[in-house]
Amino acid sequence: MTPAHRPVAARRGRDRRARLLPPAPGGPRVTGPRPTTAVVGGGIAGLAAATALAERGVAVTLYEREAHLGGRAGGWPVVLSDGTSVTMSRGFHAFFRQYYNLRGLLRRTDPGLERLTGLPDYPLQHSSGLRDGFRRVPRTPPWSALGFAALSPSFGLRDLRGMDPLAALPLLDVRVPEVYERLDGVSAHDFLDAVRFPPRARHLAFEVFSRSFFADPRQLSAAEMVLMFHIYFLGSSEGLLFDVPRAPFPAALWEPLAAYLVRHGAGIRTSTAVEHVGRTADGGFEVATADGQRRHDTVVLALDAAGLRSLVARSDRLGDAPWRDRVARLRNAPPFLVSRLWLDRPVAPDRPGFLGTSGYGGLDNISVLERYEDEAARWARRTGGSVVELHAYAVPARASREVEQKRLLEQLYRVYPETRTATVVDVRHEWRSDCPLFPVGGYGDRPTVRTPDPGLVLAGDLVRSDLPVALMERAATTGFLAANALLRRWGVRGQTLWTVPGGGRGAPLRALARWGERQTA
Numbered sequence: 001m002t003p004a005h006r007p008v009a010a011r012r013g014r015d016r017r018a019r020l021l022p023p024a025p026g027g028p029r030v031t032g033p034r035p036t037t038a039v040v041g042g043g044i045a046g047l048a049a050a051t052a053l054a055e056r057g058v059a060v061t062l063y064e065r066e067a068h069l070g071g072r073a074g075g076w077p078v079v080l081s082d083g084t085s086v087t088m089s090r091g092f093h094a095f096f097r098q099y100y101n102l103r104g105l106l107r108r109t110d111p112g113l114e115r116l117t118g119l120p121d122y123p124l125q126h127s128s129g130l131r132d133g134f135r136r137v138p139r140t141p142p143w144s145a146l147g148f149a150a151l152s153p154s155f156g157l158r159d160l161r162g163m164d165p166l167a168a169l170p171l172l173d174v175r176v177p178e179v180y181e182r183l184d185g186v187s188a189h190d191f192l193d194a195v196r197f198p199p200r201a202r203h204l205a206f207e208v209f210s211r212s213f214f215a216d217p218r219q220l221s222a223a224e225m226v227l228m229f230h231i232y233f234l235g236s237s238e239g240l241l242f243d244v245p246r247a248p249f250p251a252a253l254w255e256p257l258a259a260y261l262v263r264h265g266a267g268i269r270t271s272t273a274v275e276h277v278g279r280t281a282d283g284g285f286e287v288a289t290a291d292g293q294r295r296h297d298t299v300v301l302a303l304d305a306a307g308l309r310s311l312v313a314r315s316d317r318l319g320d321a322p323w324r325d326r327v328a329r330l331r332n333a334p335p336f337l338v339s340r341l342w343l344d345r346p347v348a349p350d351r352p353g354f355l356g357t358s359g360y361g362g363l364d365n366i367s368v369l370e371r372y373e374d375e376a377a378r379w380a381r382r383t384g385g386s387v388v389e390l391h392a393y394a395v396p397a398r399a400s401r402e403v404e405q406k407r408l409l410e411q412l413y414r415v416y417p418e419t420r421t422a423t424v425v426d427v428r429h430e431w432r433s434d435c436p437l438f439p440v441g442g443y444g445d446r447p448t449v450r451t452p453d454p455g456l457v458l459a460g461d462l463v464r465s466d467l468p469v470a471l472m473e474r475a476a477t478t479g480f481l482a483a484n485a486l487l488r489r490w491g492v493r494g495q496t497l498w499t500v501p502g503g504g505r506g507a508p509l510r511a512l513a514r515w516g517e518r519q520t521a
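Under the UniProt record's numbering, the first residue of the sequence shown is numbered 1, with each subsequent residue one higher.
The hints are simulated quantities; they were obtained by calculation from the structure and are not laboratory data. Among the hints, a few may not be true.
20 angstroms max Cα-Cα, derived SDA-like pairs, lysine to any residue [claimed, not checked]: (1) K406 / P439; (2) K406 / V425; (3) K406 / P396; (4) K406 / S127; (5) K406 / D344; (6) K406 / E418; (7) K406 / A422; (8) K406 / Y416; (9) K406 / H429; (10) K406 / R378; (11) K406 / D374; (12) K406 / G441; (13) K406 / G91; (14) K406 / R382.
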């Protein structure tokens with residue numbers, strides 16, 4: 001295998017207890033006639049699957065209905081009212097250091113991850129004036145939790161005394177899938193009630209995890225929230241600080257990866273929606289688009305929940321009846337709003353690049369893009385202004401969009417009062433409702449990477465996985481797992497993966513958690 005075609009080696013972060021997941025043994029590349037695979041969906045999951053397959057000699061065709069790649073982390077060009085060409089996206093994304101497999105995907109074109117830059121803190125602010133952050137919190141468990149409690153102004157001695165330690169013990173030893181067996185039937189809201197978690201810390205800390213799923217804590221499975229707590233806090237020593245791209249998503253991430261895929265022989269068909277996937281008499285698949293049909297040996301469906309539901313409903317020969325019913329029951333999280341404003345004057349110099357907020361109506365966070373993104377920084381330098389982005393997660397489905405957009409702007413004025421006198425040079429509002437919902441009791445019904453047909457696999461953050469991964473990392477990991485499942489059919493060694501540890505850190509904490517399970521059984 002030549003260096004140009006050698007897959008990038010997997011790499012862990014600073015956590016020496018990170019878990020290595022080697023693939024099934026096999027050869028380095030396919031031999032004989034090249035098998036063909038259609039990857040439907042050009043988000044993170046589809047790009048991960050396409051990359052692992054193309055690197056090993058599979059003839060990949062990637063279909064993406066949008067004109068750009070990256071899915072929910074994609075971006076597209078717009079022209080502002082002042083004539084400036086800029087890149088719009090669906091909002092801020094944090095690339096945590098626990099995202100081993102996503103970062104491994106990005107290393108294909110950026111071995112040192114130089115296109116990412118770290119933000120100095122993960123600051124949080126409540127409308128009461130309470131502020132918190134994670135910069136000074138130790139990264140290694142259990143000192144991370146103890147340090148947070150000791151350093152956080154949202155914890156007091158009375159708060160700690162009021163908690164129910166027995167109810168909190170599941171946090172000490174999170175194992176997948178056991179955490180779902182125990183907590184999937186409880187909402188995140190009810191779990192926090194049972195723990196009697198301090199209200200102030202609950203708003204500033206735990207709701208950070210639940211809101212990351214674009215869902216109200218009353219709708220979200222407690223197992224998902226507890227898993228998030230494990231991934232970022234008590235199960236990993238990577239910490240809660242994160243990186244962000246230095247440039248807009250297309251330039252920093254996806255355009256280089258698209259060129260990499262093309263060099264490995266992949267075909268990329270953007271602006272091409274797949275209308276139907278059928279079976280062929282020889283065991284393959286026909287993928288139909290507006291341009292006609294193409295035959296492929298195998299298929300990866302890497303779509304969002306609505307896209308997967310719709311395509312499977314139109315492709316009546318895929319899978320079996322129980323599997324199709326499971327796909328049909330997938331649900332979307334409530335709508336969310338991203339408002340990006342180009343202001344004619346700067347925000348105060350001490351404003352962070354990212355701020356999580358609570359208690360400000362529907363406002364969940366504020367980003368000041370020129371603090372880290374080169375395109376926004378150029379615009380800000382030239383105009384003397386600022387580029388500010390506002391997020392509102394889990395907006396009620398029947399809410400008036402115009403009203404919500406105005407409310408979000410009013411909340412910005414509350415948090416950053418200096419913006420009240422700024423003129424909005426331009427604004428873009430992005431309304432979307434395509435994130436998966438992980439409802440109470442829904443884990444067992446979610447589809448997995450493998451389907452009833454071994455030539456058809458799924459990938460994406462909606463896919464059920466027995467690994468401790470979530471959000472963008474779940475998308476990348478299931479993309480690689482989908483590729484590995486197909487590569488195994490051809491006797492080819494797939495992608496090596498890493499995850500955070502699969503249980504509590506330290507025998508005493510695990511023993512304490514098991515004792516708690518027996519007490520509450």
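Output the numbers, in ascending order, of every earlier hint that fails for this structure. Numbers 1, 10, 11, 12 and 14 - these are the hints that the structure violates, sorted from lowest upward.
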